[in-house]
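**Q** Residue-level listing of the chains:
4 protein chains.
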Amino acid sequence: MGLRTPEQFLEGLRDGREVYYRGERVNSVPDHEELGVAARHAAIDFHLADDPKYRGMATRQQGTDLYSTYYHVPENAGDLQARSKLIETATALGATLVILVKEIGTDALFALQRVLARNKETEGLQRVRAFYRACREKDLALAVAQTDPKGDRSKRPCEQTDPDLYLRVVEKRSNGIVVRGAKVHTSCAPYVDEVIVLPSRSMAQGDEAWSVAFAVPVATPGLRLYASDFLHGADPFTRPISSRHKMIETLTVFDNVFVPWERVFFQGRQDLASAAALTFVEFHRFTAVSYKLPLLDALVGAAIAVARANGIERAGHVRDKLTWLGGYAETVRGLVELAAQRCGTEEGIAFPHVFTTNLAKWTFAREFHKALETVQDLAGGLLATGPSGADWESAEVRPVLDKYLVGAWPADRRMAILNLVGELTTRLYGGYQAVLAIHAEGSVEAEKLAMLRAYDPSRALGLAMRLAGLETS
Amino acid sequence: MGLRTPEQFLEGLRDGREVYYRGERVNSVPDHEELGVAARHAAIDFHLADDPKYRGMATRQQGTDLYSTYYHVPENAGDLQARSKLIETATALGATLVILVKEIGTDALFALQRVLARNKETEGLQRVRAFYRACREKDLALAVAQTDPKGDRSKRPCEQTDPDLYLRVVEKRSNGIVVRGAKVHTSCAPYVDEVIVLPSRSMAQGDEAWSVAFAVPVATPGLRLYASDFLHGADPFTRPISSRHKMIETLTVFDNVFVPWERVFFQGRQDLASAAALTFVEFHRFTAVSYKLPLLDALVGAAIAVARANGIERAGHVRDKLTWLGGYAETVRGLVELAAQRCGTEEGIAFPHVFTTNLAKWTFAREFHKALETVQDLAGGLLATGPSGADWESAEVRPVLDKYLVGAWPADRRMAILNLVGELTTRLYGGYQAVLAIHAEGSVEAEKLAMLRAYDPSRALGLAMRLAGLETS
Amino acid sequence: MGLRTPEQFLEGLRDGREVYYRGERVNSVPDHEELGVAARHAAIDFHLADDPKYRGMATRQQGTDLYSTYYHVPENAGDLQARSKLIETATALGATLVILVKEIGTDALFALQRVLARNKETEGLQRVRAFYRACREKDLALAVAQTDPKGDRSKRPCEQTDPDLYLRVVEKRSNGIVVRGAKVHTSCAPYVDEVIVLPSRSMAQGDEAWSVAFAVPVATPGLRLYASDFLHGADPFTRPISSRHKMIETLTVFDNVFVPWERVFFQGRQDLASAAALTFVEFHRFTAVSYKLPLLDALVGAAIAVARANGIERAGHVRDKLTWLGGYAETVRGLVELAAQRCGTEEGIAFPHVFTTNLAKWTFAREFHKALETVQDLAGGLLATGPSGADWESAEVRPVLDKYLVGAWPADRRMAILNLVGELTTRLYGGYQAVLAIHAEGSVEAEKLAMLRAYDPSRALGLAMRLAGLETS
Amino acid sequence: MGLRTPEQFLEGLRDGREVYYRGERVNSVPDHEELGVAARHAAIDFHLADDPKYRGMATRQQGTDLYSTYYHVPENAGDLQARSKLIETATALGATLVILVKEIGTDALFALQRVLARNKETEGLQRVRAFYRACREKDLALAVAQTDPKGDRSKRPCEQTDPDLYLRVVEKRSNGIVVRGAKVHTSCAPYVDEVIVLPSRSMAQGDEAWSVAFAVPVATPGLRLYASDFLHGADPFTRPISSRHKMIETLTVFDNVFVPWERVFFQGRQDLASAAALTFVEFHRFTAVSYKLPLLDALVGAAIAVARANGIERAGHVRDKLTWLGGYAETVRGLVELAAQRCGTEEGIAFPHVFTTNLAKWTFAREFHKALETVQDLAGGLLATGPSGADWESAEVRPVLDKYLVGAWPADRRMAILNLVGELTTRLYGGYQAVLAIHAEGSVEAEKLAMLRAYDPSRALGLAMRLAGLETS
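Chains as they are written, first to last, in the numbering used here: chain Y, 12 to 484; chain U, 12 to 484; chain L, 12 to 484; chain H, 12 to 484.
Keep in mind the hints are simulated off the structure, nothing from the lab.
Don't take each hint at face value.
A pair counts as met if it fits within one copy or between any two copies, since identical chains are not told apart.
In silico DSS-like links for lysine-lysine, alpha-carbon gap of 25 Å or less [stated by the list, open to error]:
1) Lys414 to Lys183
2) Lys149 to Lys183
3) Lys381 to Lys332
4) Lys381 to Lys149
5) Lys166 to Lys332
Excised from the complex, chain Y in its bound form:
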């Protein structure tokens, strides 16, 4: 055992898993035209551990164990910063697209350990720890399936007309449980080894059957993945990122899937379900803001470059827009840094500061569309009216483009940066990141709620009451 090579990772995906893409069963994920791109993107994680340049950052040694840094349980601010830096670095190598095949899974495993230890759930804790050790030793890739389809949003799980609209336990057997239902938005599921399942909301009396957390290999009978094709297509001229890097989400269906007891972390406990949902996002939003940083850098960098390419860098309004963009990006970066520094510790596990993490995510999310607008503004109308890759390749058309699409930079350099801007802000990849900005790892509304809950009013309220001549009640 120990660290796997990218090839070993890809080979492990050829296990008969049941994946559908565009209406058809996929034979082999790594060999599929689109899913293969995504799988190779995920393999960046394994390349990192293999590359002398990144090995120090991407791996940890504990005694004789050499393992992926993602699996390192954070014990202090330094560990959280190192984790954040690794996520950022890998995402930058992934051309602003997060890798996520170990990030999110370890987020879940750290959270489960905290919740079960906090509640003295010895047996569950042992199972989580055993599963964690196995994953770390085998260097596995993990997905987390959390968001339920939800059906009628105004109703709790047990009130839904179709009880399967939240994933649930339909049978308990001596050797395990049988679950049914589905999860939506499961990132990376087609090209990981294991899927960890978590509840997606707070549960109440009556929701016991839906209060369950467990893990299964992707190739488990009854587990079926319906992959979204959102980033489909591959013109490398106009899509310099998404032609080479993809992430795939699935509708993840559990059709009477059997889970042996040793992989069931808890079930029937709505208190643990609620706690697990909340505690998971404490880690996962920190992962999120860490992986947003290269996207922000790319937007700022592309804005500077396209302003130069267009020869407008010195104009007053352009400088104003660049300043705003830089200020926005650096505010997020600064808050990520602080979220690690201000970490708390529970059961020996360090976790990022909850208010600051949500503040970073909220800051990122609520200005992201303005950032897109700003970069589009600097780039110009060619974003929507420019040439295709086929034009560019055509011996007849290319000279015309070279002559007329020149700016302060020659046409080829200018088009390269314009196409990057187009991909980041206007085409599918831009739309994908825009939706992620608002909805992934918790919606903007969820972040605001978390901020309000985590805010400690004592200093501010104490000051105001004192200034008003009142006792703090």
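Please build the complex by placing chains U, L and H on the supplied structure of chain Y, with the hints as guidance.
**A** Here is chains U, L and H on its own, set in the frame of chain Y:
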């Protein structure tokens, strides 16, 4: 002569014009897989005049002449309102995509008449009027090629290294002129009859050769259109609009194109060039804000519908977002209405109120991305992780989707509205409209400049000075 | 009878009314140092009717009746526009401070007539009409007392611990009713002739005693006015507006006030109470947005002037800020214009378009603080560090100020405009207007609610559903 | 020598200094009704050093020297954090009003040392160090006079019609220089011991006479202070802060003031002038953002308290507004923390990270008015219509107020918090802080410029270029 049928319009495009798409010469525009979609979209204009339901709005009778309302020279606020209403109606029938094959051309012809009459340019005026009458009588479709490639933005036309970076007169002959250069972002050029060429900026001493306005048929030797493929592709499930409706922009190259004198409206006059550029946008931005209205309605309507489909319509933050959206859309609509009402008149031609028109456009543009964000927010993550058309068609996959993608509405209705939102906000069509919002018909910065120039400070400044006890200087 | 002179109006205030200011009973309002300023500000209304320049706008002739335009029941858009124009003109003469001594009262009387006619309340309607005729004939000044103190905001009137926290009927007699309670924020009460009392919220079963509308003369026994001193003070150098113009709000206490039946418009009817509260603001918010226009003009004008005084008018960021300010102010103005044009009619009474009126008010309110910020930005730090009036008057200090406070304008002109800006944005008057922007005539939240309720979704929703291929449900 | 008591500090101000207030010469600053309030506010600094609770924070021991922490030259991030914490603590004790009598002076002295050491200006450096040591040993209070009156903003110092519009050297003598001119916005000058004079802008060839930095005691012949009365007045009921705490700015006139050479830090060197102006704000903006923190806390705390007092704390829109406020305040706080942590070092002196400091200040400034609006929104209209202190004291009026101004809190507690909100957002103190937010320690535009200059584009630009397949040029 008189009004043409859609078929006659399409037939007229089979004239040997030189159009390139994805690196290849297009044989016949109306028969081309992608360009044909755009041409048929343009034909909506001719359908309207043919449809008893819209004929009254789409046509005008003057004596024995029956002609398209677009060609009606506005004489008063009512005419401008009728024009605006027609543009809005046609765009709504075009599924939020403007038709534009007569709107922009008549914007240019009205502007040229004003400028030449204002300057007592009798000969040029006669040429414009003759051309206008011919277009109206033959019911022609028109494009306007205005934006030059511009090269180094800090330099005027005559200062560019390559003088062709602004279109220019390279030869004067007894029977006409020869022009060379190119225009970018020319909407609809591949499927109109005539291209009107206007200067794109104010010109100064030395820019005489670049100060030229004229018209040529699309099938003129030396005129070559390089079409953008931005909206390429056609899954009607995820792209309910752009699979059926397209608009195409071109890089429009004039390679020593001969223009006979009767089609030259002016040349060599930088003062007329500057005036024509400014006066054209007085009409064209009014066209713009008129055709934006169905897009805004679609966003508001889709937001309401998707909130209902998701069952979240009563939540406080959802109501807040819907209120904002409605307020935004109705502000733009109100300002469009006022721009017509407050019109001025020059040389018998009514023109929309300049400040109000630009105010409407600026209001539209500076909040459009926030509107996209808001609708995405209400719709949810399925925008980026939902099924493809092939999934939806698959007998195996569809029941899974029907079961799990239900909300407050059944899955099929919910997915229909989600896909509309996706198309409008997240996929290529959303990106296309986002870029248009900022750059088409003048950038946001250009609109601000126009507002500042058109603002009459007398009432406000007079009041402030009186309140300060000062004389208005 | 007929129109009164300013002197007659002021004389009418010497009637023994019970007014308190800064803890002391006021002997005579028009002769009081501070309240007298407010009363004379109110008298602008009577000056207008007297001034040949404004008489045509400020008065109406009906048969032999000559009366104040404010009392003219609007029958169409033109009447509403004339009313709006009069309010705007009077407010500009009042140096951006609304007069309000007939505006708000007629808003209430028009609303009561609509509500009672709509509900076939013949007797109540007759009483309102008789009262209206008397006010019009005697040319009376009116206040409206609407907002109750409210106590615990989460409880309805009948649920309050102290039942007086909403004004209520405590006794019914053969000849009238006795009321007790109070109203807050009653504008102008100390210097009007009559106070009209309206319910401030929707009432429900159990709230009958609190569902009452009536009118009483200010000098009625038991009616006591506690005036706020917010705009107290009077340095005309630094306070060019509020040293000469004041409006006064009161806590208006009804301590077992007897109201004869002919002045009771309804009582005991929670349905009428709810309707009256809503219908009143339909008129009153239109009054509000009309009187905000001079304030906006003054801000825009002061911004232009101070930029010139400081010599920074040509700077890019200054032009940008002036454009924004002008765009903001003109959007509000345009929407006010539209609200009149789009009016509806009920029982022969024209009322402004509800959505558009609230849109105008919301637009005004949500950007007002940004407008203050923008003008402060252009003015500079002297707003907070400049000289006092005493400095300015000092023979020793003045030459120093004249020498050093020069800009692109001489010091005296520059200080005049800076002091205007200071008054409008930084000192008490600015704070007063800021609070009014958010809270007067309904809060921002109330306006949003009104917009949502008044928005007709049919066009937008119909389009979205059609584009999604769905039937509008 | 050593630390002074508050009394010693106040006594030191009775030295015949020439101060004018409201047009009159002030006899004794500490005994003056208004200036005395400001002087006693400044004395908080000396109380702190005297108070066992704060002594550890407020003083430093170096060998046998015990001195004020403000005078400690920062050597590392910890020193900067301690300085920031002290400024924050003192400002909170000052009821959100900064003390500033040592903060700004040491900002200047640290900057002068860096600039002169950087430029190997040995003699000037020795003079600065000697002056610094003397100030520290005598525990002096310092003002910094930097902003010149500027006259025509489009002209440099040497181009002004009146050369005195920038302070300048008018004569050089063997024993010193004579300076003439003025400075505006000089904070605290009437109640400090020494005034340090710095250039306010970058200077160029020809501006030598205006390129001067020096220090003089306040009681120097020819130095005259004209104090602004902006915060004049003192009702402790409605002005709980500014009735007890004031800061005073002056127009500071130098009428041929003689400065001996040992107090001249440089003169005639436009390069040093430019560097000093820039380097000073590197420290001073960090001081600024540190002292803004209690103001932000007070706004957040007052918002929470007033929402509770009004009983609206659970409403959705209220929670939303509180979340925004908290997020805003904590973003500024976080960035201040980071600015210290990321400090640089020059000549052994640590200075806060320039980009982050300006980012913090810009974040503070551009949302401050929105914060004021938000708190006003939560408080309600009583801010502008509430009772005066005299009402509150009146035995007749008070019971009425107690009865009717109750909310979820009794009237006295509710009015206390409402008056705090009023003072912070609506009355003079609110206006004062609003102007400071935009203009003090550099305008918003200046901060944006500093951000753009300090931004290191290499990471972002490098990423974008790599993603576009381009070499970083």
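**Q** Which of the listed hints are not met by the structure?
**A** Of the numbered hints, 2, 4 do not hold.
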